[in-house]
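If you read the sequences in order, they're chains A and B. Heads up: the first sequence begins at 88 in this note's numbering, then just goes up one per residue. Heads up: the second sequence begins at 88 in this note's numbering, then just goes up one per residue.
No wet-lab data here; the hints were simulated from the structure. A virtual CB, placed ideally from N, CA and C, is assigned to each residue, including glycine. Any given hint could turn out to be false.
In silico negatives: residues of chain B with every beta carbon more than 10 Å from chain A [what the hints assert, rightly or not]:
no.	residue
1	Ser147
2	Ile151
3	Arg166
4	Lys187
5	Gly213
6	Gly217
7	Leu235
8	Val251
9	Arg254
10	Ala290
11	Ile306
12	Lys322
13	Gly458
14	Arg467
15	Phe503
To give a feel for the contact side, a few chain B residues facing chain A, derived at Cβ under 10 Å [unchecked claim]:
no.	residue
16	Ala102
17	His167
18	Gly171
19	Leu172
20	Gly192
21	Ile473
22	Asn483
Straight-line alpha carbon distances no greater than 30 Å define the calculated DSS-like cross-link-like pairs of lysine-lysine that follow [claimed, not checked]:
no.	chain 1	residue 1	chain 2	residue 2
23	A	Lys375	B	Lys174
24	B	Lys174	B	Lys375
25	A	Lys265	B	Lys187
26	A	Lys124	A	Lys187
27	A	Lys448	A	Lys168
28	B	Lys265	A	Lys168
29	B	Lys373	A	Lys168
30	A	Lys341	B	Lys373
31	B	Lys124	B	Lys170
32	B	Lys415	B	Lys124
33	B	Lys375	A	Lys447
34	A	Lys499	B	Lys265
35	B	Lys187	A	Lys375
36	B	Lys265	A	Lys373
37	A	Lys124	B	Lys265
38	B	Lys187	B	Lys498
39	B	Lys373	A	Lys170
40	A	Lys373	B	Lys341
Number of protein chains: 2
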Amino acid sequence: MPRNALYAQSGGVTAVINVSAQGVIETARQHPQHFGKLYAGRNGIIGALTEDLIDTSLESDAAIAALRHTPAGAFGSCRHKLKGLDKNRAEYERLIEVFKAHDIGTFFYNGGGDSADTCLKVSQLGETLGYPVQAIHVPKTMDNDLPLTDCCPGFGSVAKYTAVSIREAGFDVESMAKTSTKVFILEVMGRHAGWTAAAGGLASENEGEAPQVILFPEIVFDEDKFLAAVDASVKQHGSCSIVASEGIRLASGKFVSEAGGADAFGHTQLGGLAPLLARLVGDRLKYKQHYAVADYLMRAARHIASATDVEQSYAVGKAAVELAVAGKSGVMATIERQSDSPYVWTTGEAPLDQVANVEKKMPRDFISADGFHITDACRRYLAPLIAGEDYPPYRNGLPDYVRLRNAAVPKKLPTFTVTK
Amino acid sequence: MPRNALYAQSGGVTAVINVSAQGVIETARQHPQHFGKLYAGRNGIIGALTEDLIDTSLESDAAIAALRHTPAGAFGSCRHKLKGLDKNRAEYERLIEVFKAHDIGTFFYNGGGDSADTCLKVSQLGETLGYPVQAIHVPKTMDNDLPLTDCCPGFGSVAKYTAVSIREAGFDVESMAKTSTKVFILEVMGRHAGWTAAAGGLASENEGEAPQVILFPEIVFDEDKFLAAVDASVKQHGSCSIVASEGIRLASGKFVSEAGGADAFGHTQLGGLAPLLARLVGDRLKYKQHYAVADYLMRAARHIASATDVEQSYAVGKAAVELAVAGKSGVMATIERQSDSPYVWTTGEAPLDQVANVEKKMPRDFISADGFHITDACRRYLAPLIAGEDYPPYRNGLPDYVRLRNAAVPKKLPTFTVTK
Numbered sequence: 088m089p090r091n092a093l094y095a096q097s098g099g100v101t102a103v104i105n106v107s108a109q110g111v112i113e114t115a116r117q118h119p120q121h122f123g124k125l126y127a128g129r130n131g132i133i134g135a136l137t138e139d140l141i142d143t144s145l146e147s148d149a150a151i152a153a154l155r156h157t158p159a160g161a162f163g164s165c166r167h168k169l170k171g172l173d174k175n176r177a178e179y180e181r182l183i184e185v186f187k188a189h190d191i192g193t194f195f196y197n198g199g200g201d202s203a204d205t206c207l208k209v210s211q212l213g214e215t216l217g218y219p220v221q222a223i224h225v226p227k228t229m230d231n232d233l234p235l236t237d238c239c240p241g242f243g244s245v246a247k248y249t250a251v252s253i254r255e256a257g258f259d260v261e262s263m264a265k266t267s268t269k270v271f272i273l274e275v276m277g278r279h280a281g282w283t284a285a286a287g288g289l290a291s292e293n294e295g296e297a298p299q300v301i302l303f304p305e306i307v308f309d310e311d312k313f314l315a316a317v318d319a320s321v322k323q324h325g326s327c328s329i330v331a332s333e334g335i336r337l338a339s340g341k342f343v344s345e346a347g348g349a350d351a352f353g354h355t356q357l358g359g360l361a362p363l364l365a366r367l368v369g370d371r372l373k374y375k376q377h378y379a380v381a382d383y384l385m386r387a388a389r390h391i392a393s394a395t396d397v398e399q400s401y402a403v404g405k406a407a408v409e410l411a412v413a414g415k416s417g418v419m420a421t422i423e424r425q426s427d428s429p430y431v432w433t434t435g436e437a438p439l440d441q442v443a444n445v446e447k448k449m450p451r452d453f454i455s456a457d458g459f460h461i462t463d464a465c466r467r468y469l470a471p472l473i474a475g476e477d478y479p480p481y482r483n484g485l486p487d488y489v490r491l492r493n494a495a496v497p498k499k500l501p502t503f504t505v506t507k
Numbered sequence: 088m089p090r091n092a093l094y095a096q097s098g099g100v101t102a103v104i105n106v107s108a109q110g111v112i113e114t115a116r117q118h119p120q121h122f123g124k125l126y127a128g129r130n131g132i133i134g135a136l137t138e139d140l141i142d143t144s145l146e147s148d149a150a151i152a153a154l155r156h157t158p159a160g161a162f163g164s165c166r167h168k169l170k171g172l173d174k175n176r177a178e179y180e181r182l183i184e185v186f187k188a189h190d191i192g193t194f195f196y197n198g199g200g201d202s203a204d205t206c207l208k209v210s211q212l213g214e215t216l217g218y219p220v221q222a223i224h225v226p227k228t229m230d231n232d233l234p235l236t237d238c239c240p241g242f243g244s245v246a247k248y249t250a251v252s253i254r255e256a257g258f259d260v261e262s263m264a265k266t267s268t269k270v271f272i273l274e275v276m277g278r279h280a281g282w283t284a285a286a287g288g289l290a291s292e293n294e295g296e297a298p299q300v301i302l303f304p305e306i307v308f309d310e311d312k313f314l315a316a317v318d319a320s321v322k323q324h325g326s327c328s329i330v331a332s333e334g335i336r337l338a339s340g341k342f343v344s345e346a347g348g349a350d351a352f353g354h355t356q357l358g359g360l361a362p363l364l365a366r367l368v369g370d371r372l373k374y375k376q377h378y379a380v381a382d383y384l385m386r387a388a389r390h391i392a393s394a395t396d397v398e399q400s401y402a403v404g405k406a407a408v409e410l411a412v413a414g415k416s417g418v419m420a421t422i423e424r425q426s427d428s429p430y431v432w433t434t435g436e437a438p439l440d441q442v443a444n445v446e447k448k449m450p451r452d453f454i455s456a457d458g459f460h461i462t463d464a465c466r467r468y469l470a471p472l473i474a475g476e477d478y479p480p481y482r483n484g485l486p487d488y489v490r491l492r493n494a495a496v497p498k499k500l501p502t503f504t505v506t507k
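Full structure from sequences and hints, please.
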């Protein structure tokens, strides 16, 4: 009898994390000699710890196929990082208890950097606690900050959403600028790296096209330089459309959103970056401005997902299962770029001890000398990642996203309480 | 020799106003016996007043066809309402000067309620100032507030954007709610009527689906009732996704965004509604919250336009030209609904004196008794308007929107300065 496997989604969800789930499930179904049942953790690793498992074998082939076009986490995800073995041994012992009770021999973890670290620790349970588990990481993060993979599944779709949105808003602002709004700010997610903001730059294919200004977390925010760049764009092109990363910082290292927030109205969480920048433009340049905040809309936007991203998301799920079948453990499935144009890629693998807790930064030569746009090198890297459309089916004018049955596997163990 | 015609775009642009332009231009080209050249005002009526005209005959058939998939105003739009004849006679006299100089006998005005009023006044120039012009109004407004037409071209696409976005964000929030964000707020445009917010309600096809709460400008905002509704949704469904119209008001009549803004940080323009509601939820219910602000993204989102809206936008442009050919003036082309399901509609006409300055409100029976959702009557009305997808072509992963040549017609008159 082959042993069972467990799949869990981790951290912030994306438009295509379910595509990786589909890749894992469909590929595992093709290897009945290697896998018994494939379970999923309800709400990620929390489900594994609380023995709240989902039996994916009860989902129809059609439902699993529909994961391809369904955003967010179909089994639920969570933000819970397992601490080191020395700090919370109880959680690891519980995990082994659950794995034993349900005869789980393989663990697929679908997440970003923190989850890679957890996955690595699970792969070491044989050495550390005497219960060997094959643990394979399936990369996922809209932040695009995992090392040793060309890109992170989830990022291409966020990139496409950003580029499409700022192009559309740019056309809008341009056509009204004579008598109305001259400056538009789109605030995008991305606390630590400017990948998402950079993707907005793809919309500007010719001189003067939106976005005319991009604000990166990698570049210290300088109010005067920013306003000068905005003013120059309005004077030269009639308007200025801006993509601003939520993570931009002052020279002090403080987030602009917090610094401004605290100064202006004594409440750091409220307001956010975009309204602050808008007010700055209004007060100092006297231009009419508007702003949008993309927030979750960008990472949930399956309706405008990148076809490349969808394919890669599936491919890493499939590759992860094949790595398991090949007997591997402690590795992450990766995307390897062979060439930029045409974009040729294959899947590969990377050892998790080189992935966990390493953040891929945006190279400085991806940002223009003035700090307000992307370079050609950046374009060459980013362009293929947003290529292609992969539309979901629609019903009643709305995307027809699937909700799985998510039937629970009967519990066998006493209750366990997860501490934060 | 047939006389020339002038087309102008007015007010806030939409994802499909250019489709109406395409309808006007292509149909006018089919009637060379009736129209000489078709000019367009650069930046709307401002272009007409400043004699800044565009010769649309210099645009290729392919470029005009590409207007079908290009958002915003291809000729530029503006916010400039002509005052009454008694208040600014000079502008009307100037308009006649320009019309005479360029032999313009027909005026197509593509806009909302204010523009309908201007269009009416232009249609009366024969009586009032002795220069007869055929003036036909082409309806356009994302606000859906024009009377005597089933709906307003531009609205269906905004409605679809809102419904799609809140469905996607709802899936996201639902899948993370166990350990992360439980309440999500999407702020949508619509100062005076709740049409756009109501459209978000279409995403909730089954009990408990997002959005669980909608905030309408028609319903006085009651903090306690709002928080109770949010709390109930979180307790019952695990999360609460909210569509909030920017135009919601307190019992005093004050906008919530302004009132809150002034109280919290003494600056009414800053911050906006969504951050305010988010803070309220955080402070009083202690739930983690996030918010997005759609702003121009929603009205520019040609990539997710409603196919019904695209068809109707073309149809009113075409109908407007046919009304002109039939010798009509002082009318607006309209959409007439024959049945809800299947949605059967035709174009019609309405006299501008019954359109100008009349605002179509959302019927009270379109909002549920508790004030937080839409009724079945509302669904029957809205559902067909978001039906169908009409994707633009893509190049390099981005929508391939057209920029017209917009060649200027040589000026013949002295300069004229438009006063605000």
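Each hint, compared with the structure:
1. Ser147: 19 Å, holds
2. Ile151: 17 Å, holds
3. Arg166: Given that some Cβ of chain A is not farther than 10 Å from that of arginine 166 of chain B, nearest at about 5 Å, it is violated.
4. Lys187: 25 Å, holds
5. Gly213: For glycine 213 of chain B, whose nearest Cβ neighbour in chain A is about 28 Å away, the distance exceeds 10 Å, so it holds.
6. Gly217: Since the minimum Cβ distance to chain A is about 30 Å, glycine 217 of chain B lies beyond 10 Å and the statement holds.
7. Leu235: Holds, because the least Cβ-Cβ distance between leucine 235 of chain B and chain A comes to about 25 Å, which exceeds 10 Å.
8. Val251: 5 Å, violated
9. Arg254: 6 Å, violated
10. Ala290: Given a closest Cβ separation of 6 Å, the condition is violated.
11. Ile306: The assertion about isoleucine 306 of chain B holds, with a minimum of 24 Å to chain A.
12. Lys322: With a cut-off of 10 Å, lysine 322 of chain B remains clear of chain A, as the shortest Cβ separation is near 17 Å.
13. Gly458: 24 Å, holds
14. Arg467: Per Cβ check, arginine 467 of chain B is outside 10 Å of chain A; nearest 12 Å; holds.
15. Phe503: 15 Å, holds
16. Ala102: 8 Å, holds
17. His167: 6 Å, holds
18. Gly171: 20 Å, violated
19. Leu172: 22 Å, violated
20. Gly192: 26 Å, violated
21. Ile473: Cβ of isoleucine 473 of chain B sits 4 Å from chain A, so the hint holds.
22. Asn483: 6 Å, holds
23. A:Lys375 - B:Lys174: Holds: lysine 375 of chain A and lysine 174 of chain B sit about 27 Å apart, inside 30 Å.
24. B:Lys174 - B:Lys375: 53 Å, violated
25. A:Lys265 - B:Lys187: At roughly 25 Å apart (the allowed maximum being 30 Å), lysine 187 of chain B and lysine 265 of chain A satisfy the hint.
26. A:Lys124 - A:Lys187: 14 Å, holds
27. A:Lys448 - A:Lys168: 22 Å, holds
28. B:Lys265 - A:Lys168: 14 Å, holds
29. B:Lys373 - A:Lys168: 22 Å, holds
30. A:Lys341 - B:Lys373: 26 Å, holds
31. B:Lys124 - B:Lys170: Distance ~28 Å between lysine 124 of chain B and lysine 170 of chain B Cα, so the pair holds.
32. B:Lys415 - B:Lys124: 19 Å, holds
33. B:Lys375 - A:Lys447: Given pair lysine 375 of chain B, lysine 447 of chain A holds - Cα atoms ~28 Å apart, limit 30 Å.
34. A:Lys499 - B:Lys265: Roughly 22 Å separates the two Cα atoms, so the pair holds.
35. B:Lys187 - A:Lys375: 35 Å, violated
36. B:Lys265 - A:Lys373: 44 Å, violated
37. A:Lys124 - B:Lys265: Holds, at about 25 Å.
38. B:Lys187 - B:Lys498: Cα-Cα ~12 Å, so holds.
39. B:Lys373 - A:Lys170: Holds. Lysine 373 of chain B to lysine 170 of chain A sits at ~26 Å (cutoff 30 Å).
40. A:Lys373 - B:Lys341: 26 Å, holds
Checked against the numbered hints above, the structure breaks hints 3, 8, 9, 10, 18, 19, 20, 24, 35 and 36 and satisfies the rest.
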